[in-house]
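These protein sequences, in sequence, are chains H and A.
Counting from 1 along the first sequence, just add 1086 to a position and that's the residue number in the working numbering.
Counting from 1 along the second sequence, just add 81 to a position and that's the residue number in the working numbering.
The set of hints was computed from the structure by calculation and includes no laboratory data.
Note that the Cβ used here is the ideal one computed from N, Cα and C, for glycine as well.
Be aware that a few hints might be false.
[As the list claims (entries may be wrong)] Computed from the model, here is a short list of chain A residues facing chain H with C-beta under 10 Å:
#	residue
1	115
2	131
3	136
4	140
5	187
6	199
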Amino acid sequence: MRMGDTDSIQITDMRSLMRNGVLTAQVTIQNDSKSNLVAYRFKWIGKNGMAVTDEEAWKPITIAKGQSTVIMGIAPTPDATDFRFELNQYK
Amino acid sequence: MIMKMYAKTIHLSLLALSAALLAACSGPQVRYGDAKAVETVNANYGSTDLQIIAEAMTRSLLQSKAISGSKDAPIVTLADVKNKTSEYIDTRVITDKIRTQLMKSGQVRFAVSVTEMQSQTDELKRQNQSGLYKNSTIAKTGNMQGAQYRIEGSIASIVKNTKDVKDVYYVFNLNLINNESGLLEWADEKEIRKTATR
């Protein structure tokens, strides 16, 4: 899910697996345009599409032009079975 | 004469009204913000740092073998997080946040920490020694549970300044220590870099 001016950021890969009983997500993003200050967070979803906890904090990340970076996310409880990735600008 | 007084009164009330309107316009505007939003007021330690550190540590700890591999939720207690930075940082807020998030996961139980021990013993004393309570409802002494693990760590920083740039680097380190064996069962760190330019 995108918010703000984040069009220059491409999400090139998204995957997840259960590691030690907790859902672990990995998202690869790439910046094709100028250096960008973006923030991201994961939304962890359990059974029936219910969010398992409150909203996470937005985490800032600076991604230079042409740079590709891997973002890891670990679910806050073992109840999470799925995730959403949210991207937003912060400046 | 009366007309003149009327005019004066109207004039004065208009003045008062405009003064009130002016005061209303120049007053502070209050609005609620997003508590989870990225805060960039200056390069000092802030709410986003607190949230990022607590979240990173909690998630990493939940995935550790010591926690996830345990049959019952292990009992943990909070020890000190030392502030080795030049700033004032209430490290207790960080550990409390970590504890809350770990509790919410249901994977860990917490024993009262050293700072909460006084109120715990006060309550036990009150119930056992005051003679006011029905015997069958009294919380007995000698039944408190010892923690298997303790969480302790440190936060350090490197700050560099020029006339126009301030660069701050924080490193937060957290360890899970087995109280009986003294072994470190898990450790992780979180690095944060912030640069403020004029």
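Do the hints match the structure? See the list:
1. A hinted interface residue such as residue 115 of chain A counts as satisfied when its beta carbon comes closer than 10 Å to some beta carbon of chain H; here the least separation is about 8 Å, so the hint holds.
2. Interface hint status for residue 131 of chain A: upheld, as the beta-carbon distance to the closest one in chain H is roughly 9 Å, under 10 Å.
3. About 6 Å separates the beta-carbon of residue 136 of chain A from the nearest beta-carbon of chain H, less than 10 Å, and the hint is met.
4. Annotation: interface hint on residue 140 of chain A holds; nearest CB of chain H at approximately 4 Å, less than 10 Å.
5. Nearest Cβ of chain H to the Cβ of residue 187 of chain A: about 7 Å, under the 10 Å cut. The hint holds.
6. At a threshold of 10 Å, the smallest CB-CB gap from residue 199 of chain A to chain H is about 31 Å, leaving the interface hint violated.
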